[in-house]
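Enquirer: Each chain is listed here by its residues.
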Amino acid sequence: MLEQYLGVAILMAISCAIAIGMVTATTLLGPKRSFPDKDEPFECGESQIVSPYQRFSVKFYLVAVLFILFDIEAVFLFPWAVLYQRLGWFGLIEMIVFLLILGVGLMYVWVRGGLDWE
Amino acid sequence: MDLFSFTDEFLIDLGLTLLKIGFILAVTVGFFAPVLTWVERKQSAIMQDRIGANRADIMGFTALGLFHIIADALKMFAKEDFIPQGANRLLHTLSPIIALVPALLTFAVVPFGGKYELWGHQVNLVISDLDVGLLFVFAIASLATYGYVVAGWSSNNNWSLLGSMRTASQMISYEVTMGLTIIGVLMVYGTMQLDEIGAAQENFWRWGIFLQPVGFLMFLTASIAENKRIPFDNPEAESELVAGYFTEYSGLKFGMFFMAEFIEMVTIGAIVTILFFGGWHIPFIETQDIIDTFNFSWLGPSIANLITMGIQVGVFFAKVCFFIFIQMTIRWTLPRFRYDQIMKLGWKILLPLSLVNIVVTGIVIMLLK
Amino acid sequence: MSDLSENLHSDYMTLNMGPSHPATHGTVKFLLTLDGETVIDMVVDIGYLHRGFEKMCESVTWTNVFPYTDRLNYCSAIMNNIGYAEAVEKLLGIETTERCKYIRVVVNELSRISDHYTNIAAAALELGALTAFIYFVETREIVWDLLEMVCGARLTSNYIRVGGLMCDIPDNFNEELEARYPKLDSLYDDVDKLLTKNRIFLDRMRDTGVLSTESMLSYGFTGPCLRASGIDYDVRKAHPYLVYDKLDWDVPIGTVGDNFDRYLVRMEEIKQSFKMIKQAMKDMPDGPINVDNPYMRQPSKQDVYSRMEEMIAHFKITIEGLKPPVGEVYMPTEAANGELGFYLVSDGGGKPYKCRVRPPCFSMTAAMEEICKGSMLADIIPTFDMINMIGGESDR
Numbered sequence: 001m002l003e004q005y006l007g008v009a010i011l012m013a014i015s016c017a018i019a020i021g022m023v024t025a026t027t028l029l030g031p032k033r034s035f036p037d038k039d040e041p042f043e044c045g046e047s048q049i050v051s052p053y054q055r056f057s058v059k060f061y062l063v064a065v066l067f068i069l070f071d072i073e074a075v076f077l078f079p080w081a082v083l084y085q086r087l088g089w090f091g092l093i094e095m096i097v098f099l100l101i102l103g104v105g106l107m108y109v110w111v112r113g114g115l116d117w118e
Numbered sequence: 119m120d121l122f123s124f125t126d127e128f129l130i131d132l133g134l135t136l137l138k139i140g141f142i143l144a145v146t147v148g149f150f151a152p153v154l155t156w157v158e159r160k161q162s163a164i165m166q167d168r169i170g171a172n173r174a175d176i177m178g179f180t181a182l183g184l185f186h187i188i189a190d191a192l193k194m195f196a197k198e199d200f201i202p203q204g205a206n207r208l209l210h211t212l213s214p215i216i217a218l219v220p221a222l223l224t225f226a227v228v229p230f231g232g233k234y235e236l237w238g239h240q241v242n243l244v245i246s247d248l249d250v251g252l253l254f255v256f257a258i259a260s261l262a263t264y265g266y267v268v269a270g271w272s273s274n275n276n277w278s279l280l281g282s283m284r285t286a287s288q289m290i291s292y293e294v295t296m297g298l299t300i301i302g303v304l305m306v307y308g309t310m311q312l313d314e315i316g317a318a319q320e321n322f323w324r325w326g327i328f329l330q331p332v333g334f335l336m337f338l339t340a341s342i343a344e345n346k347r348i349p350f351d352n353p354e355a356e357s358e359l360v361a362g363y364f365t366e367y368s369g370l371k372f373g374m375f376f377m378a379e380f381i382e383m384v385t386i387g388a389i390v391t392i393l394f395f396g397g398w399h400i401p402f403i404e405t406q407d408i409i410d411t412f413n414f415s416w417l418g419p420s421i422a423n424l425i426t427m428g429i430q431v432g433v434f435f436a437k438v439c440f441f442i443f444i445q446m447t448i449r450w451t452l453p454r455f456r457y458d459q460i461m462k463l464g465w466k467i468l469l470p471l472s473l474v475n476i477v478v479t480g481i482v483i484m485l486l487k
Numbered sequence: 488m489s490d491l492s493e494n495l496h497s498d499y500m501t502l503n504m505g506p507s508h509p510a511t512h513g514t515v516k517f518l519l520t521l522d523g524e525t526v527i528d529m530v531v532d533i534g535y536l537h538r539g540f541e542k543m544c545e546s547v548t549w550t551n552v553f554p555y556t557d558r559l560n561y562c563s564a565i566m567n568n569i570g571y572a573e574a575v576e577k578l579l580g581i582e583t584t585e586r587c588k589y590i591r592v593v594v595n596e597l598s599r600i601s602d603h604y605t606n607i608a609a610a611a612l613e614l615g616a617l618t619a620f621i622y623f624v625e626t627r628e629i630v631w632d633l634l635e636m637v638c639g640a641r642l643t644s645n646y647i648r649v650g651g652l653m654c655d656i657p658d659n660f661n662e663e664l665e666a667r668y669p670k671l672d673s674l675y676d677d678v679d680k681l682l683t684k685n686r687i688f689l690d691r692m693r694d695t696g697v698l699s700t701e702s703m704l705s706y707g708f709t710g711p712c713l714r715a716s717g718i719d720y721d722v723r724k725a726h727p728y729l730v731y732d733k734l735d736w737d738v739p740i741g742t743v744g745d746n747f748d749r750y751l752v753r754m755e756e757i758k759q760s761f762k763m764i765k766q767a768m769k770d771m772p773d774g775p776i777n778v779d780n781p782y783m784r785q786p787s788k789q790d791v792y793s794r795m796e797e798m799i800a801h802f803k804i805t806i807e808g809l810k811p812p813v814g815e816v817y818m819p820t821e822a823a824n825g826e827l828g829f830y831l832v833s834d835g836g837g838k839p840y841k842c843r844v845r846p847p848c849f850s851m852t853a854a855m856e857e858i859c860k861g862s863m864l865a866d867i868i869p870t871f872d873m874i875n876m877i878g879g880e881s882d883r
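Residue numbers (the numbering used here), protein chains in the order written: chain R, 1 to 118; chain P, 119 to 487; chain B, 488 to 883.
Please keep in mind that the hints were generated in silico from the structure rather than gathered at the bench. Wrong hints could be hidden among the right ones.
[To be verified] DEER-style ranges, computed between Cβ atoms:
no., chain 1, residue 1, chain 2, residue 2, range
1, B, 527, R, 29, 39 to 47 Å
2, P, 149, R, 94, 42 to 50 Å
3, P, 196, B, 742, 33 to 41 Å
4, B, 683, R, 37, 27 to 35 Å
5, B, 724, P, 153, 40 to 48 Å
6, R, 29, P, 414, 50 to 58 Å
7, P, 175, B, 700, 35 to 43 Å
8, R, 29, P, 126, 55 to 63 Å
9, B, 683, P, 420, 42 to 50 Å
10, P, 149, R, 40, 37 to 45 Å
11, B, 665, R, 29, 20 to 28 Å
12, B, 629, P, 184, 26 to 34 Å
13, R, 40, B, 642, 28 to 36 Å
All C-beta atoms, glycine included, are put in the ideal place defined by N, C-alpha and C.
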């Protein structure tokens, strides 16, 4: 069972090594010349007015919540899809009911305006 | 519990795995990632009536601009690694790694050829033949989101933050769509293992494009959106957000984000090829035919298998190149969406459509049975 | 959505868009207050390219102002030359020769075309369609080649003189024009195909940057942006100058006045300008290009070296400048982007007492705040592109 993942583990180790090597190389090789004006974060040539570390618009988080809802439901579909041809009509009808519930949820969010930006 | 048994068989497997990893890394990091930077410039130049990348030369010899790759690499290594004041230095350094590693890791389950019998040993051209296959790809690919979000957040820059917020909402939105669009494929082939899906498409008319045409279009759209390329490059829209989440990145750390993008292009090409375009199969020619063609008496079946393997790996990467070409052509043709239009496309069009696609696929399969 | 965000406390983000931002070409600053992606408040901050053009004009002779006018709208330098020359000629009360007027129309329309090319190309570029940008830059290069044939310069041409022109157009100019039409047309068609019916481009441009007609008029909109909202005002038709009343052409007008209409009006104006150029080249009479008055127009070198009177005139124009009568004049011309007006005051001396420019984009840039409030961050880009603020002209 775990032998399957041996390749993944080796590949992961090598990719991490490559990535870390690249970051290390660029950190060590490049010149280092810093002065206060240069170190400022880029805001089109002006100084920052507000710090980015503040409470950000809630709209972005709404998308995240919706994602969790729908992605988990999508995960339920994966095993069903693989076994679908063995489950037959029963599986189909069951999944149509499931998708209907999912669709109702989507409709609810849609009508409530959760998918609109404005 | 004895996890691994160090038998001869195991050592051969390990050696083969290492060979395959070496091959994949050579192809992606060593070939595609650098060469695609050149291809992108050269193809756009051809599309736009320009001469294109041809400045870098060695002793006056330009090799069609291929030396730009070397010049780029040297420049990126020699550039100052800049971290702005007030930024989280650890996360700022870590995020390119988080972005690049998943891009490479998805190749672990992507087969680049079929199964071949070489000298009594079964060779399966995939690094790890996981039973969760496709799920692994999605799981790992979604990890890259962290890299981009953390990159924007840790930069102490408002533009970066906006870019990373866009990245987060765009990537997760299209992940849902991407997951749902391939359900149809899984239903048709009844497996999540990519090498089995590929093997099931030996017959030309069993290719995914014919069985799941809507699924193909939706998957391609969603995966380009997932890779944040034009028309979906809102997270880095240079005219809106300066450079989005990597505004504060320089040198090779910046280059790593680009590398991840190019490698993801290859991944998308590979997965689209396997799911929808018959993987490593040549239309109307079955694998056994190729083996038989080369199976002369003096060559032996193993050599014939080896030749077949070479041909099919070549075919596979040719198809991948074709899809990279498609992605580049799209990138150099279309303008970019607005943020809310991307969200609308993902949630209001692709998501319901993919649900309908699942139901229709289910009914059709049942009726044909 | 709104009821959700009301109960959750989140802060607005105030940030500088510009002066050094990829979208704020021409150097301008937008001080934005964002709620996520929505623009809550916006302050336009101009003046980064202020060079004191109007004050500079007061220290040079009337004729020496021309090189400065080149730098107003650098995408269509000749139009500024013409606007200033027409104003000075109106002040002097002289009429240029017929051939001069036709040539001015030709170079004027060529500049308008190059300006529209630049504008649409930049808009396409900023919406991410780099290929359309490169195509129109190529057409602009061809137009600039033509202008280079005429006056030897591409960007800052300095071609027009008071009472005439720097030089006549080359003899084979018409053939050169004809030879370039096919390439220009095919590239125009390519861009048309790439953008006009492109769904993404349409979505980005449609219903963005809309402003009510009353607001537009009170802000002082002119040019393609005003005509896009359906108001048929073109200085070339309303107050004809040069020979625009003798040519057969139409003023394209839009309906809704959104960014897409502004784009369509510009695309159509390119066609109309070519139509005018073709007619003007056909109808162009022979004859002198300069007024026959050595005290108004610098005489030719040959005359200066061979005739006493011309020698004196040359000396007086160069050292003292030509001397318009005491008075003031306002001369509107239709530049690529709207009404370009020169308001000149003369105290009878050789230098302008006052030279005030009414740049078309200045008043339109002021409307950016009203247009963009409540829209999305990304909508600023097409709106600002279609407003076409030129720093050199707006900040002077």
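Enquirer: Could you check the hint for me, namely that residue 29/R and residue 414/P are 50 to 58 Å apart, CB to CB?
Expert: holds, 54 Å
Enquirer: State, for the Cβ atoms of residue 29/R and residue 126/P, whether the hinted interval 55 to 63 Å holds or is violated.
Expert: Hint violated: Cβ distance 44 Å, outside 55 to 63 Å.
Enquirer: CB of residue 683/B to CB of residue 420/P, is that within 42 to 50 Å?
Expert: Since residue 683/B and residue 420/P have Cβ atoms about 60 Å apart, the given range 42 to 50 Å is violated.
Enquirer: Between residue 40/R and residue 642/B, does the beta-carbon spacing fit 28 to 36 Å?
Expert: With a Cβ separation near 34 Å, residue 40/R and residue 642/B satisfy 28 to 36 Å, so the hint holds.
Enquirer: Is 37 to 45 Å respected by the C-beta to C-beta distance linking residue 149/P and residue 40/R?
Expert: Given range 37 to 45 Å: holds, Cβ gap about 39 Å.
Enquirer: Per the hint of 33 to 41 Å, is the separation of the Cβ atoms of residue 196/P and residue 742/B within bounds?
Expert: Taking Cβ atoms as reference, residue 196/P and residue 742/B lie about 56 Å apart, which means the hint is violated.
Enquirer: Residue 724/B and residue 153/P, beta-carbon distance inside 40 to 48 Å?
Expert: violated, 56 Å
Enquirer: If I claimed the Cβ atoms of residue 683/B and residue 37/R lie 27 to 35 Å apart, would that claim hold in this structure?
Expert: For residue 683/B and residue 37/R the Cβ distance comes to about 45 Å; the hint is violated.
Enquirer: Evaluate the given range 35 to 43 Å for the C-beta pair formed by residue 175/P and residue 700/B.
Expert: violated, 58 Å
Enquirer: Go ahead and decide if the range 26 to 34 Å is satisfied by the Cβ distance of residue 629/B to residue 184/P.
Expert: For residue 184/P against residue 629/B, whose Cβ atoms are near 31 Å apart, the range 26 to 34 Å holds.
Enquirer: If you check the beta carbons of residue 149/P and residue 94/R, does the distance land in 42 to 50 Å?
Expert: Given a distance of about 47 Å, which is inside 42 to 50 Å, the answer is holds.
Enquirer: Do the beta carbons of residue 665/B and residue 29/R sit within 20 to 28 Å of each other?
Expert: Because 58 Å falls outside the window, the suggested range is violated.
Against the hints set out earlier in the document, violations occur for numbers 3, 4, 5, 7, 8, 9, 11.
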